[in-house]
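Given chain A, put chains B and C in place with the hints provided.
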Amino acid sequence: MDNSDSSQDILVSVRNLSFSRGNQKIFDDISLDFERGKITAIMGPSGTGKTTLLKLIGGQLFPDQGSITVDGQNVHKLRRTELYNLRKRLGMLFQSGALLTDMNVYDNVAFPLREHTHLTESMIRTLVLMKLQAVGLRGARNMMPNELSGGMARRIALARAIALDPMMILYDEPFTGQDPISMGVLVHLIKSLNNILGLTSIIVSHDVHDTSAIADYIYVLSGGKIVGEGTPKEIQNSESEWVQQFMTGAADGPVHFHYPAKDYVDDLLSSGKRY
Amino acid sequence: MIQFLQYLGESTRTSFTKLGRGTYFLLQTVSGILSVLPRPRLLLTQMYSVGVMSFLIITISGLFVGMVLGLQGYYTLSDFGAEETLGVMVAASLVRELGPVVSALLFAGRAGSALTAEIGLMKATEQLSGMEMMAVDPIKRIMTPRFLAGLMSMPLLAALFSAVGIIGGQIIGSGLLGVDEGAYWSQMQASIDFRDDIINGVIKSIVFGFVTSWIALFEGYDAIPTSEGVSRATTRTVVNSAFSILGLDFILTTLMFGDD
Amino acid sequence: MQHTSTQDTLVGLFVASGVVGLFFLALQVSNLSSFVEEDSYTITARFENSGGLKIKSPVSAAGVKIGKVSAISFDPKTYESVVQMNINARYNTIPDDTTASIFTAGLLGEQYVNLEPGGSDVFLKNDGKIEITQSAIILEKAIGQFLFKSAEEKK
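Protein chains in written order, with my numbering: chain A, 1282 to 1556; chain B, -15 to 244; chain C, 434 to 588.
Since the hints were derived computationally from the structure, they do not count as laboratory data. One should not assume that every hint holds.
[Unchecked claim] Quick look at which bits of chain B chain C covers, simulated, 3 or more residues with Cβ under 8 Å:
(1) 24 to 37
(2) 96 to 109
(3) 146 to 158
(4) 172 to 182
[To be verified] Derived CB-CB ranges, DEER-like:
(5) S19(B) x T1401(A): 13 to 23 Å
(6) D1460(A) x L446(C): 39 to 49 Å
(7) E1402(A) x T442(C): 13 to 23 Å
(8) V52(B) x D1460(A): 54 to 64 Å
(9) T(-2)(B) x G1420(A): 49 to 59 Å
(10) M1404(A) x S438(C): 17 to 27 Å
Note that this is a predicted model, so its numbers are computed, not measured. Just so it is clear, CB atoms sit at the ideal spot from N, CA and C, and this is done for glycine as well.
Okay, chain A solo, but in the shape it has when bound (with noise of 0.2 Å):
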């Protein structure tokens, strides 16, 4: 990160990455980079295993080929221990936030410094109320989890990502079901910690607006390849006719409106079986 040239810095690498769940490819072949200290954000439909992805790059899942690198380690080729302190250094935020149920708001924050440091309780309480105090929750700090609207608990599990300070952060779905004013709020924070914290950003997102909003590169991802990558300015302007009308919301275009069937008549007409 000290080096003049870092914003050219590729942080994380995938390379010819194949993943398939049963019979179904959830990846072919792709490849993928992701440049260090920038906002970068994988796109696509649901269902397209852009949450795959990121438990591939944290390890938790194996691909069937390819690569993935993360800071020069081949994620998948380290020993447990190895792959654990790299761990340390990535945070990762769930849809659901994950949040520890059976602990209030300031024990979860304070859970990786327990784990992982030797900190007296006295330090772990200065970092847990900063880390709060970044995300605007200090005064949340004796609720637990269950209390929580789904907006406050994201950005708890976001105190609790930068807790052990980490290099980079996988945002899983950050904007689902939120409202506008949550929304806004993490669209801000997000921007704000990437550029304060120095922190580099994958963000799998399904939300179009929000995330052309504060991304640096965009990867659109569809049927296990990519479909589009490029500035969000230049997928705005993609002339793949796919990613227009991802990008646009139109409900009939290269995705149909219907599942694959058979045929409508024909399946009308046959009415001696049940299904």
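Same frame as chain A, now just chains B and C:
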């Protein structure tokens, strides 16, 4: 017919796969013991939710079971003029069988199902996955303390169950039905052997605690992470624990008390 | 996950009560207390037939338990049953002409050794032998004899 055979083969294969996964899970859980021992807090919290929370149901059930044994035993024994041996009957049935078995069944219903639901929901809400991403091994951090707590609580609960039951039998036997209190205790002491009866009963309850905790944790860990999946896993915990407890009880009884 | 001192106390109480339960079972319910009790000395008696007597069967005198059977073996020379008994050291005034008989507690109860003290001034010591014995009554034999007798009387 072929379909049936296919189904049979398939389900046999899946159950072996599950047993294999379960064994791997158990080994991982047990291997986490060393990392839990320096952190007794983790264990203590789980002793609370596993042991203390089962305390009431175990003692109350034990009392009633003992009282029923006292009543039934008295009526049966008095036909032979052997009321004095009521203590032996109550104590032997409790210490050898009912104490370990019934308390383990109650434990599976109370603590086992709660464990499965807790772990299953943690999985469904990505808490386990989240822990992994925070470089915390969920097996060591979540499973091992709960497993140890179950293993340690079960013999204590079974002993409480038997002790309370024997007192319950005494309350009914000598308090209500007039069996001589001295005879109740002295006949009992003469016939109940420390090694054969008490220790074997404790061994049984340790085995039951082991199996029940294992099943409960693994079913939760292996649950399909939806609300239906978790509820099914909870049911499976209770059913499979009950089967395992009763089956193992038969095996252990033949091994322990078979040759007199 | 909230560590409160109440929780600690309750866990402590739970563990303590479980341990108390175990101790109760060991000391009040089982014969552990009679194991560790004072010393005992061993005497043997030979019976023609020791019936259903078992190891740990009680040995009593005048209806009070004073010891227990520690070993039963068959003597291939005399064809007798050799019963070894541990007698509580407190009861060290058992005369050497004591009669040992095998009785049954109740009709279907357990069999036990009953010691009927004689009048001798010499007391049994460790490894002492009781000479006068009375075998167990075998129920089948007794019934058989009874039937046989009554059949003969009818003739």
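Would you check chain C against the region 96 to 109 of chain B, counting CB to CB pairs closer than 8 Å, and say if three or more residues qualify?
violated (count 0)
Outcome for the supplied range 17 to 27 Å, where the beta carbon pair is M1404(A) and S438(C)
About 24 Å separates the Cβ atoms of M1404(A) and S438(C), which means 17 to 27 Å holds.
Using the Cβ atoms, figure out if D1460(A) sits within 39 to 49 Å of L446(C).
holds (47 Å)
Counting residues of the region 146 to 158 of chain B whose CB is closer than 8 Å to a CB in chain C, do you get three or more?
Check passed, 4 qualifying residues.
Assuming the hint says 13 to 23 Å, is it satisfied by the Cβ distance from E1402(A) to T442(C) or not?
holds (22 Å)
Are there three or more residues in the region 172 to 182 of chain B whose C-beta lies within less than 8 Å of some C-beta in chain C?
This one holds; 9 residues, not fewer than the three required, reach chain C with a Cβ under 8 Å.
Given the range 49 to 59 Å, decide if the beta-carbon distance of T(-2)(B) to G1420(A) lies inside it.
Hint holds: Cβ distance 50 Å, inside 49 to 59 Å.
Between the beta carbons of S19(B) and T1401(A), is the distance compatible with 13 to 23 Å?
Roughly 21 Å apart at Cβ, these two residues keep to the hinted range, so it holds.
Between the beta carbons of V52(B) and D1460(A), is the distance compatible with 54 to 64 Å?
holds (59 Å)
The region 24 to 37 of chain B covered by chain C? Criterion: 3 or more residues, Cβ-Cβ distance below 8 Å.
holds (count 7)
Figure legend: structure checked against the earlier numbered hints; the only hint not met is number 2.
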